[in-house]
Structures are given as C-alpha cells and as structure tokens.
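Colleague: Here is what each chain is made of, one letter per residue.
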Amino acid sequence: MSEALLDIAGLRVTFAGGTAAVRGTAIAVNRGETHCLVGESGCGKSVSALAVMNLLARGASRSADRLRFAGEDLLSLSDTGMARLRGNRMAMIFQEPMTSLNPAYTVGSQMTEVHRRHKGSSRQVATDRAAEMLARVGITAPGMRLGQFPHQLSGGLRQRVMIAMALMCDPELLIADEPTTALDVTVQAQILRLLAGLQRDLGLAVLLITHDLGIVARVADRVSVMYAGEVVESARTNDLFARPQHPYTRGLLDCVPVPGKIRPGEPLGSIPGVVPRVRAGFQGCGFRDRCAFAMPECAAEVPRHAAGEAHDYLCRLAADWSGLRGAA
Amino acid sequence: MSATPAIEVKSARRTFRTSGGLFGTAREVVAVDDVSLAVPAGSVLGIVGESGCGKSTLARLILGLLPTTAGEVLVDGQRLDGMDRRFRAELIQPVFQDPFASLNPRRRIGDIVALPLVAQGKFAGAEIGRKVAEMLERVGLASDMAGRLPAELSGGQRQRVAIARALILRPRIVVCDEPTSALDVSVQAQILNLLAELRREFNLTYLFISHNLAVVEHVATEVAVMYLGRIVEQAPTAELFHAPRHPYTRALLASVLTPEPGLGVPDVGLGDILPDPANIPPGCRFHPRCPVAIERCGSVAPPLLAAAHSRVECHLAVAGAA
Ligand SMILES: Nc1ncnc2c1ncn2[C@@H]1O[C@H](COP(=O)(O)OP(=O)(O)OP(=O)(O)O)[C@@H](O)[C@H]1O
Ligand SMILES: Nc1ncnc2c1ncn2[C@@H]1O[C@H](COP(=O)(O)OP(=O)(O)OP(=O)(O)O)[C@@H](O)[C@H]1O
Ligand code: SF4
Ligand code: SF4
Ligand SMILES: [Mg+2]
Ligand SMILES: [Mg+2]
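Protein chains in written order, with our numbering: chain S, 7 to 334; chain C, 297 to 618.
In isolation and in its complexed conformation, chain S is listed as follows:
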C-alpha cells in the first residue's frame, strides 16, 4: 500500500489552561486495516481523534507536521470542506453517546439528517437506510427505535445508534472511540464482525480507541500505545503482545484480568502512581515518575528505538532489554 488513508505526524494539541494533551503523535491507518490506540485514561486518545476530525473544544490549539486523509491535506482544508468529509467519507463514534446525540430529536431524525445532507437522499430513502443500519447493529424493531428519543434507549442501544449513524454514508475511515463499552460480549462480537465485514468488502479503515486489550488482540492489525500525550510504542499486534518493549506497555499488559483466572479477594494488579501533569514545554519521558527503570537521563529527550520491522518505541532502554518473554 503506497499512502496510508489517514496519515498523522507530529500532531500537537494544547488547551487554553496550558495542558499539553497531545505531544507529537504519529499514526497511520491503511485501507482495510484496523489500527488500535490504547493507553492510560487521560493520555490523549480522544483528543487526538477529535483533532483529526477538527472537533476540538474552543480554546484548544492544534498543529501537526502532517495530517492527510486520502491524499488530501486536512490542515489546509476549509471548514466547509471538512464538514463535507465529516460524517460522510470519515465518520466518528464518540466515547460518550450523550455528548453527540441531541436529546431533543428522535433517533430517526438524527440518523436520516446525515444521509440526506451528504447523499442528497429523500426522506424515504434515508429512513430505509437508517432502519437497515439499525438492524445491522443488532437492533430489533428498528421502526420503534427510530421514533424514540435518546433517553428512552439503554446505554448499549444508544451506543449502537451511534455506530449505525457513523456507518450511514459508507465511510472510508471510521474513528471509533470506545465503541463497545456499553455492549455485552455477545453483541460486541456481532459489532466487531460487522466492522470486519465492511473492511473486507469495502476496504473500510478503522482507528479504534479501546481499553479492552482482548479486543485489541482479536481485531487489530496494528497497535499504538499512548502515554501522557505521546505514542510510546507502535507495532503489529502479534509483535506487541509477544515482545512489548516500553515499560508502560509491559506494565499495562501485566494488568489485564482474564475471566476464569481471577483470584477473588486479591487486589488486581495496577501500575502504581498517576500520570504527571504535562504542560507545554514538558521535557523527557512522561512515564519516568512511575517507571522502575527510570534514570536521571530519562528527564532529557529520550530516543525512539526500532525493535524489529514496523515496531518502534520511545525509551532510553535498548530493545529486548530484559530478554524475550516467552521466547525461552
């Protein structure tokens, strides 16, 4: 594949209060591929996604070395140009459905509006399409649901409405921010299979933000791990799980609880400490307050190392610093 469908490099977002939420993120998503973005709560995943969609809150400033979608430069695109792409060729599923569903309008009017605006379709065509999409995300009695208001739906129904709405116009890129947190595991599996089908049939590219490392393992082609506003490790999925390099990635993978292997009464594993406050001008490794391997030099700029093909990480330690796990 020559050029990635979504190509982000050096993305930075700073908020009015001085918080540097995203500090030089680079992510590329190819057609037909799922790229998962994981990382500690508050590390800048949603802000990165909102920055791509140009939907940041007022008072936020965005810059990037490169921000391209399907060969088009999003940085120089006008607001109307962006509005033409958003919800159409690139769609987003937001982390909290109630932030983007309007409580005053029915599900049906919100879903059909997108299609009519972008595709110029009639009310009837758009309604049929909406009912079809609701059915595809596993919602029965779509007719009833189209006539309901968001507060009349359960959390998982709202989340599926968001997914259906994002897929209304057959986007080329889907940015999905924690799209299945309100779904039970059987419905979640159904949604993940639906997305896989769209990737196979239509070449849909997915940037999937999730805390669920089970989902990551099962659906991702590539994984990027963020910490304190930076991508600290990026690799193909198998590689990341087999040979995690960054101390944060290793810590994170060690915390995953697996059902059936839980010891009740014992505390769950976690990484001690909290994310530092990162303001503009912050220097050095963002993980150093919590890292067991921190050295004074970690407070200066740390290098990005390669750990094999298409695998890199941001840390002073050389690759495979404590031996290959599971290689013995």
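Treat the hints as calculated values from the structure; they're not laboratory data.
Hints should not be assumed to be uniformly reliable.
Distance windows between CB atoms, simulated [to be verified]: (1) Glu535/C - Gly77/S: 54 to 64 angstroms; (2) Leu61/S - Ser595/C: 18 to 28 angstroms; (3) Gly126/S - Lys306/C: 53 to 63 angstroms.
Glycine included, C-beta positions come from ideal geometry on N, C-alpha and C.
For chain S, the structure is supplied; the task is to place chain C with the ligands on it using the hints.
Modeller: Just chain C with the ligands now, with coordinates in the frame of chain S:
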C-alpha cells in the same frame, strides 16, 4: 438468614409505553419482568446480561428514581419514597452508566464532588475541602482537576468524578452501573481495589452492573444473569463462572475476548437477530436463539429451579446439578 438484606426486590416489574414511531402503533416495552432478589449487607451482587435487558432500569427502581409498575423494592428494609433525602443520601448512592450526562456541565469538579457533603449541612467548609481533595486523590485524579469543568476531562476522568461523588458520603450501599467501562486496566484496578478496601473497612454493599465479566468475577460475591427483563440464572460467583447452567450464561462466557492475538472473534451461534422487548417470545424467552432448545421451549415457560444460593430458569437444568 434473618438479618435484613441491604437490598430486597420483590416481584418487581417495570414497563414503558412508547409511541410507535414510524409504525404508528404504541407499544409496551417490558424492561423488568418479575424480578426478585435479595442482597445481604456487606456483599456484592454482580449483574450481567444483554444490552437492553433491563439492568439500568432495575438499578433505577432500586434507587427509587423510577416507580415500579408492580412489586416492591426495600432498601435496608424500608421503602425509599418518603424517606428523608439527607438520610437516604447516606444510605444509598448511584454511579450512573453515562458519566457525562450525570455531571452538571456548569459546575466545577470540586463542587460536584463536594455537593453531597454540602447538602448534608453538617460539615464545615474546611472539612469538606479536605475530604474532597482526599477523595479525588483516591480515585487517581490530580488536585488541579478540582477547578475544571466536566467537558475539560477525559471520559475516564469523568467516570472517576462520578465514583468520587458517590463514595464521598461513605454510603452503606452503592449502586454502580458500568462504573469502570471508560478506564484502562490499570486505573480500573485502582478503582476496584478502592471499592474492595471500602467494603472491607465499612461493610458496604454493592450492586455492580458490568459487561466486563473479568471485573464481575473479581468484585462480585454473587452474580445474576439477566435476559430480556428476567433473571435467568443466579449463583455464587465461582459457581457461575466455573459451572454455568443457563445456555445464555454459557454463551456470554464463551464470547469473552481474551488477550490472545490471532484467535479472532468467536461466533457462539446465537444468531444476529436480537430479541424485541416489546414482543417477548412465548415459552422460554431465549428459545429463538438458544443453541440447545428443545421443542417444549417454544411454548412452555421453563420453571424456576431454586436452591439455597442459586437459581436457574431452563428446561434442561437439573435440580441439584451444578
Ligand atoms: N477541553 C479541555 N480542556 C482542558 N483539558 C482537556 C480538555 N479536554 C481534555 N483535556 C485533557 O486532555 C487530556 C487528554 O484527554 P483525552 O480525552 O484525550 O484522554 P483519553 O486518552 O481519551 O482518556 P480516556 O481513556 O479517559 O477517555 C486529559 O488529561 C484531559 O483532562
Ligand atoms: N424512559 C424510557 N422510555 C422508554 N423505554 C425505556 C426507557 N428506559 C428504558 N427503556 C427501555 O427499557 C429496556 C431496558 O433498558 P435498560 O436501560 O434498563 O437496559 P440495560 O440492561 O441497562 O442495557 P445496557 O446494557 O445497554 O445499558 C430497553 O429496551 C429500553 O429501550
Ligand atoms: S525512558 Fe526511562 S523512565 Fe521512560 S520508560 Fe524508558 S526507562 Fe522508563
Ligand atoms: S429453556 Fe430451552 S430455550 Fe430456554 S434456555 Fe433452556 S434449553 Fe434454551
Ligand atoms: Mg477518551
Ligand atoms: Mg444500562
């Protein structure tokens, strides 16, 4: 057991009427259908089940935020309606599923977390400030978060604000609806460890709704599985996870995605046609999707098979067998 349960639900039912939308006919959704349960003080009842099966509705019935259509709910042996608000706030607190919708967007985080204390009217300003700072720290939020508005936080940070607000009064019962769904595994562990600590220290009772089965296995002492408004199976946690009896419970457990690359997403054979809560199938409500259904399942509702600590509704379940 003679002690008063912390939560007792007796044959609770809740329906919603909904306008027919494009079909034009009004329909009735049965969100909670004849649910009975008792949660002993100091225990944790985990509730799992299909999206839309009535978990949040049940939580709202228990919290007294929604009246039952039929049946009764008792919290610490009392009805919540008519109870003094301040007393009630110290008895039972909610953590809602959608943190953004449950936090006042115009109030600062510090004020949101302080509000339950302020409403009690018996704490001095300095004490409130100290308690809020301590609580924010315990849920892993930096002190500068106190001055921010909800919109200025990440999803997981907002969720932790909702938890801090629920715990600040040290209520005896906490109803948690997906309390850690927006947290990474490490922060989630911190929060769950905090909940466990508080429970040990103060003998708290939790009702814990979650789609994350590993989390439920860890925190719950007992687990109830809901399907289309009913509890179809309930058992002590270890028993439910190691010897599930209801086919729906088995399908849930088989659908869990363990972090093993290359295995893909399993298809457990439930089909893609989900149930319609406004049109509940006759017989066993799970029969159109049940991979092991027998003929009787389509017409005869399975009987409740109850033992001291477990129960199941399925024609194939055998009394006494686990
Ligand atoms: N409008 C805002 N003003 C100031 N700070 C903000 C604003 N929005 C987000 N932030 C901060 O930016 C950082 C990154 O937030 P973001 O929402 O991207 O986190 P996240 O990685 O998506 O976390 P989560 O997993 O909890 O959703 C957080 O520390 C958050 O507090
Ligand atoms: N105010 C309401 N008006 C109409 N229907 C409602 C209302 N509240 C809930 N319902 C319906 O009741 C059913 C159960 O909803 P509930 O929110 O209890 O599900 P849930 O088990 O919490 O699901 P999820 O896991 O998706 O959050 C759904 O079909 C929902 O649409
Ligand atoms: S750069 Fe230093 S502090 Fe950061 S992860 Fe590597 S060893 Fe730890
Ligand atoms: S009663 Fe029949 S349909 Fe229902 S769960 Fe049991 S076997 Fe399946
Ligand atoms: Mg987020
Ligand atoms: Mg719910």
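Colleague: Now tell me, hint by hint, if it's right for this structure.
Modeller: Comparing the hints with the structure gives:
no. : hint                                    : verdict
1   : Glu535/C - Gly77/S: 54 to 64 angstroms  : 57 angstroms, holds
2   : Leu61/S - Ser595/C: 18 to 28 angstroms  : 52 angstroms, violated
3   : Gly126/S - Lys306/C: 53 to 63 angstroms : 56 angstroms, holds
Checked against the numbered hints above, the structure violates only hint 2.
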